[in-house]
Amino acid sequence: MSQTDLYAVAGAALFAFSLYGLMTRPHLLHKILALNIMSSGIFLILVGIARRVYGPDPDPVPHAMVLTGIVVAVSMTSYALALAKRIYSVTGSAVLDPEDMLDHGAASSEASRD
Amino acid sequence: MITGVYPGLVYDLVIVSALLWLAFRILAEVKLFKAIVLFIAFGLLVALAWVRLAAPDIALAEAAIGAGITGALLLDAAGHMRGRAAPYPVTDPESGAESVGTKRPDESATAGGGMQ
Amino acid sequence: MKAVDALPKSPLGVRVVAGGVCVAFGALLIQATLAIPEGETGLAPLVAERLPESGVTNAVTACLLNFRGYDTLLEIAVLVLAAVGVMAVGGSHASAWKPLARQADPILSALTRLLAPVMVLVAGYLLWAGEHAPGGAFQAGSLIGAAGVLLTLSGYGRPAWVSHLALRAVIAVGFIVFVAIALGGMMVGGAFLEYPREHAKTLMLLLETWLTVSIGAILVSLFFASATPIDERTELMETDRG
Numbered sequence: 001m002s003q004t005d006l007y008a009v010a011g012a013a014l015f016a017f018s019l020y021g022l023m024t025r026p027h028l029l030h031k032i033l034a035l036n037i038m039s040s041g042i043f044l045i046l047v048g049i050a051r052r053v054y055g056p057d058p059d060p061v062p063h064a065m066v067l068t069g070i071v072v073a074v075s076m077t078s079y080a081l082a083l084a085k086r087i088y089s090v091t092g093s094a095v096l097d098p099e100d101m102l103d104h105g106a107a108s109s110e111a112s113r114d
Numbered sequence: 001m002i003t004g005v006y007p008g009l010v011y012d013l014v015i016v017s018a019l020l021w022l023a024f025r026i027l028a029e030v031k032l033f034k035a036i037v038l039f040i041a042f043g044l045l046v047a048l049a050w051v052r053l054a055a056p057d058i059a060l061a062e063a064a065i066g067a068g069i070t071g072a073l074l075l076d077a078a079g080h081m082r083g084r085a086a087p088y089p090v091t092d093p094e095s096g097a098e099s100v101g102t103k104r105p106d107e108s109a110t111a112g113g114g115m116q
Numbered sequence: 001m002k003a004v005d006a007l008p009k010s011p012l013g014v015r016v017v018a019g020g021v022c023v024a025f026g027a028l029l030i031q032a033t034l035a036i037p038e039g040e041t042g043l044a045p046l047v048a049e050r051l052p053e054s055g056v057t058n059a060v061t062a063c064l065l066n067f068r069g070y071d072t073l074l075e076i077a078v079l080v081l082a083a084v085g086v087m088a089v090g091g092s093h094a095s096a097w098k099p100l101a102r103q104a105d106p107i108l109s110a111l112t113r114l115l116a117p118v119m120v121l122v123a124g125y126l127l128w129a130g131e132h133a134p135g136g137a138f139q140a141g142s143l144i145g146a147a148g149v150l151l152t153l154s155g156y157g158r159p160a161w162v163s164h165l166a167l168r169a170v171i172a173v174g175f176i177v178f179v180a181i182a183l184g185g186m187m188v189g190g191a192f193l194e195y196p197r198e199h200a201k202t203l204m205l206l207l208e209t210w211l212t213v214s215i216g217a218i219l220v221s222l223f224f225a226s227a228t229p230i231d232e233r234t235e236l237m238e239t240d241r242g
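So the protein lines, in turn, are chains Z, W and R.
Start counting the first sequence at 1; every next residue gets the next number (the working numbering).
Start counting the second sequence at 1; every next residue gets the next number (the working numbering).
Start counting the third sequence at 1; every next residue gets the next number (the working numbering).
Some hints could be false.
Coverage of chain R stretches by chain Z, computed from C-beta distances (three or more under 8 Å per stretch; other residues unrestricted) [what the hints assert, rightly or not]:
#1 15-23
#2 28-35
#3 41-47
#4 54-63
#5 66-77
#6 80-90
Have a look at the derived ranges for each label pair, beta carbon to beta carbon [as the list claims (entries may be wrong)]:
#7 Val37/W to Ala24/R: 29 to 35 Å
#8 Leu121/R to Ala41/W: 23 to 29 Å
#9 Ala41/W to Gly39/R: 33 to 39 Å
To be clear, the hints were calculated from the coordinates, so they are not data collected in a lab.
Quick reminder that beta carbons are idealized off the backbone N, C-alpha and C, glycines included.
Starting from the given sequences, assemble the full structure and let the hints guide the process.
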């Protein structure tokens, strides 16, 4: 396996892990962490592919794209964190829909709604 | 293009396995503070991966922005949320019904520590 | 309390479906990256051929500021939007830049007094070196932002001579200069974002300088505009220990 394939497959695996984490962790900060790991995975795929080029230097266009991507990721993270903190200070909970947390049986679902 | 067993293969295998293991630990971690510190370490390892992939420009930016600034922002947000990992289930002692509590029983009723 | 460690998970159905979707998506991604044919060169030969005309000798900087300059223009716009958004959502203490340290920890303070000027110096070097070596506007700007965050964490608040208006002007100036250069290229007879060939190097250095300043200011204000001042902050993570 070449260096390209190793990092690209690792990036794809990171993306898949963190997509699962994004979908299943209810807490907002854990979702934001998962989003950041997803971006790192995608950047690994892009730069891994850029290494495939024959010749001494890798392809610079994916490098420019990943630089842009890192900066956009930090913008997204900071705005998402500002929103999460605002949600927390207004509702008191860092989970958007607390009812999602419970593994309801059919019988008790009505009793716990308030 | 480098194929087969090349001289840097050991470094690459170590970095990739450390990245995958760290990502798994971050996503499975209950405590928020620990997850964020592991995330900062993850960012630094990703910066090393950029160096291995002959992308020093990206390594500089990732170490400063990806690990440093994102880590500081996350730590600040987690501190603002008092480090609680999640709401926890409470069981009403009389009826036995389950619900989700977002404050500990020994805390005051105001949320957010006086924000707004 | 036991409740902190027992993290309630999402319901089993959600986890199963999410797991299936992620495994399928991961497999698809892996197959797609491994399926790229062997002799692919991407855009590297084209960049190498046009690099002497771009005004710099570092291929990544040439791509960022010249060949793919439109992406960078929109990227700095996204940064400005994020700064505006964080200031808008942040609440009553947004853009206040109050000191965050309870009292200036003397070791941290001493270290910051040593490190912050060195960081600014290294940022200046990276800005200059971006032309022929790894470096450039984003790396330098992020170092300045990191120096600003370090200063804020060590208890140095906003200096009195930096007014709110001045800070916001500095946040906006990178984008304004970029748009001005892009439109200026049109006025001397080129297309939007086309630099005149003989002035390309000067224009790019000018642009990178203002971008650095702006990115540094944006990163610092992203941090302190959403950070809680010390009088409203509780002990960090005291409930998480153990």
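Now the hints, each set against the structure:
1. 15-23: Result for this restraint: holds, n = 6.
2. 28-35: holds (count 4)
3. 41-47: holds (count 5)
4. 54-63: holds (count 4)
5. 66-77: holds (count 5)
6. 80-90: Satisfied; 6 residues make the cut.
7. Val37/W to Ala24/R: 29 to 35 Å: holds (32 Å)
8. Leu121/R to Ala41/W: 23 to 29 Å: holds (27 Å)
9. Ala41/W to Gly39/R: 33 to 39 Å: holds (38 Å)
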